[in-house]
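**Student:** If you read the protein sequences in the order shown, they are chains A and B.
Each residue of the first sequence is one higher than the last, beginning at 273 in my numbering.
Each residue of the second sequence is one higher than the last, beginning at 179 in my numbering.
It is possible that some hints are incorrect.
Pairwise CB distance ranges, derived in the manner of DEER restraints [as the list claims (entries may be wrong)]:
| hint | chain 1 | residue 1 | chain 2 | residue 2 | range |
| --- | --- | --- | --- | --- | --- |
| 1 | A | 425 | B | 257 | 34 to 40 Å |
| 2 | A | 513 | B | 389 | 55 to 61 Å |
| 3 | A | 396 | B | 183 | 54 to 60 Å |
| 4 | A | 402 | B | 354 | 45 to 51 Å |
| 5 | A | 435 | B | 194 | 20 to 26 Å |
| 6 | B | 184 | A | 396 | 51 to 57 Å |
| 7 | B | 397 | A | 277 | 41 to 47 Å |
Derived BS3-like pairs: lysine-lysine, alpha-carbon spacing no greater than 27 Å straight-line [to be verified]:
| hint | chain 1 | residue 1 | chain 2 | residue 2 |
| --- | --- | --- | --- | --- |
| 8 | A | 507 | A | 522 |
| 9 | A | 412 | A | 361 |
| 10 | A | 456 | B | 252 |
| 11 | A | 394 | A | 425 |
| 12 | A | 456 | A | 425 |
| 13 | B | 252 | A | 383 |
The set of hints was computed from the structure by calculation and includes no laboratory data.
Glycine included, every Cβ here is placed at the ideal spot set by N, Cα and C.
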Amino acid sequence: MSKPLLLAALALGAFVTAAQAADQVRIFAAASVAPSLQKIADAYVAGKDVAVTITPAASGALAKQIEAGAPADVFVSADRKWMDYTVEKGLVDKASVFDLVGNSLVLVAAKDAAAAVDLADKAALPAALGEERLAVGEAKSVPAGAYAEEALKSLGLYDALAPRFAPAENVRVALQLVARGEAKLGIVYGTDAAAESGVAVVATFPETSHAPIVYPIGLVKGAGPAAAGFVTYLKGPEAAAVFSAAGFVKPAE
Amino acid sequence: MPELSPAAWSAIALSFKVAAVATLWGVPVATALALLLARGRFPGKALLDGLIHLPLVLPPVVTGYALLLLLGRKGPIGAFLDQQFGIVFAFRWTGAVVAAVVMALPIIVRAIRLSIEAVDVRLEQASGTLGAGRVATFFLVTLPLSLPGILAGATLGFAKALGEFGATITFVSNIPGETRTIASAIYTASQTPDGDAEALALSAVAAVLGLIALVASELLARRARGALS
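Please put together the full structure from these sequences, using the hints given.
**Tutor:** The structure is reproduced here in structure tokens:
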């Protein structure tokens, strides 16, 4: 490479690295908790020299991306399985992991077609669904899908409904399918139903039908110093207020 | 032979079905459009050309989203089709065909247009002076001469339809057996904890199929050029 070009490349590289030296907190967060985290982050960065970026996706997709070396400082998963996955692979610091918030599992329908469904009645949900599709998260990679599968199995409805699933790659997509009327019903988190004005809750899955829905949060190994500060803020009262306004609950023990 | 699960074979079979039907529908439509662009002279021709090529330059997800807005159950065209004919594209392989046609159309149109333009206009004019009407001239003169080019375009379109992902998954989601084509199956496999081996195997299959289709298309195009020179 010619000398001036080499110097220019080095200068650009130095500039880029210098820009990244400003405090950064990069959060990989499950899709359903990302909007609340964004609100909290906006309040947190006011008056500080910190930049907080949030990347929302299904927990499984995020875990695999972190495994592949994606730059992240904090990981918020929608279930323990994917957090355990990252801890086992040595990606997340086990000592930093704790449950941030909890959530509920609900059945939703488009707002203009919402009629309550009695989940205790085994025939009610299949009848309400008919030949239409039930939007759920993809069970193997989306925690909401795994919880939905577990809840339906414990209620004895899984075998009847599995052929009518419309598996989505994250909960937000499942929500959109119901809001748009493409899928007649959907199983999403209580917080998602609250956030989407186009859907209404027609039933809530009893807590006994699924494992407690908790959102573990952990520091990725090699996280920048600002990350720990933000995680501490997340344990505080301002963050708690935002979470409970969105419909999150205290994590079950 | 790669180790593939029944679900993977189902995805491959579905991809073939969707791509075949998409090509079957796409080629006549593309031929008509190519003829219009090659021989027609009308206001707005450049705009039509641009609209046809739009899916080529837009992110596929945007095209899929546009299809969802127009042909989804609550969209203007989709609601009409649902109420009048009971036709619904959501989660159906027919919707995957629509997405594939829209994405492959610009490529097929380009290939066919080039081959129609290579047909000497004087041959068509001669046919006219001998008493053949425009339709007869098309079927007896233009079409046979541009056939190798049309076949090349069809093969190219088939290859494109085989690999379509972004517009398909946005428009008709990822339903195993209905809309889980090879590309969507690879995407799902790559997100499952132990799905990497399957994702790799399917990717290899997709690459080989794509390569076969592209080589076939190139050979047909060469024959087209040879036949006309």
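**Student:** Taking the hints in turn, state whether each one holds.
**Tutor:** Each hint tested on the structure:
Distance hint check: the CB atoms of residue 425 (chain A) and residue 257 (chain B) are about 36 Å apart, consistent with the given range 34 to 40 Å. About 57 Å separates the C-beta atoms of residue 513 (chain A) and residue 389 (chain B), a value consistent with the hinted range of 55 to 61 Å. Range check, residue 396 (chain A) to residue 183 (chain B): about 34 Å between beta-carbon atoms, so the 54 to 60 Å window is missed. Between residue 402 (chain A) and residue 354 (chain B) the Cβ separation comes to about 20 Å, which falls outside the hinted range of 45 to 51 Å.
Range check, residue 435 (chain A) to residue 194 (chain B): Cβ separation about 23 Å, and the 20 to 26 Å hint holds. Judged by the Cβ atoms, the range 51 to 57 Å given for residue 184 (chain B) and residue 396 (chain A) is violated: they are separated by roughly 33 Å. Distance hint for residue 397 (chain B) and residue 277 (chain A): a CB-CB separation of about 42 Å, consistent with the stated range 41 to 47 Å. Taking the CA atoms of residue 507 (chain A) and residue 522 (chain A), the gap is near 11 Å; set against the 27 Å cutoff, the hint holds.
For the given pair, residue 412 (chain A) sits about 18 Å from residue 361 (chain A) by alpha-carbon distance, which is consistent with the 27 Å threshold. Proximity of residue 456 (chain A) to residue 252 (chain B) is assessed by CA-CA distance (about 13 Å); at most 27 Å being required, the pair is judged to hold. Proximity of residue 394 (chain A) to residue 425 (chain A) is assessed by CA-CA distance (about 12 Å); at most 27 Å being required, the pair is judged to hold. As the CA atoms of residue 456 (chain A) and residue 425 (chain A) are separated by approximately 20 Å, the hinted pair is consistent with the 27 Å bound.
Distance hint between residue 252 (chain B) and residue 383 (chain A) is fulfilled; the C-alpha atoms sit about 13 Å from each other, no more than 27 Å.
In summary, the numbered hints that this structure violates are 3, 4 and 6.
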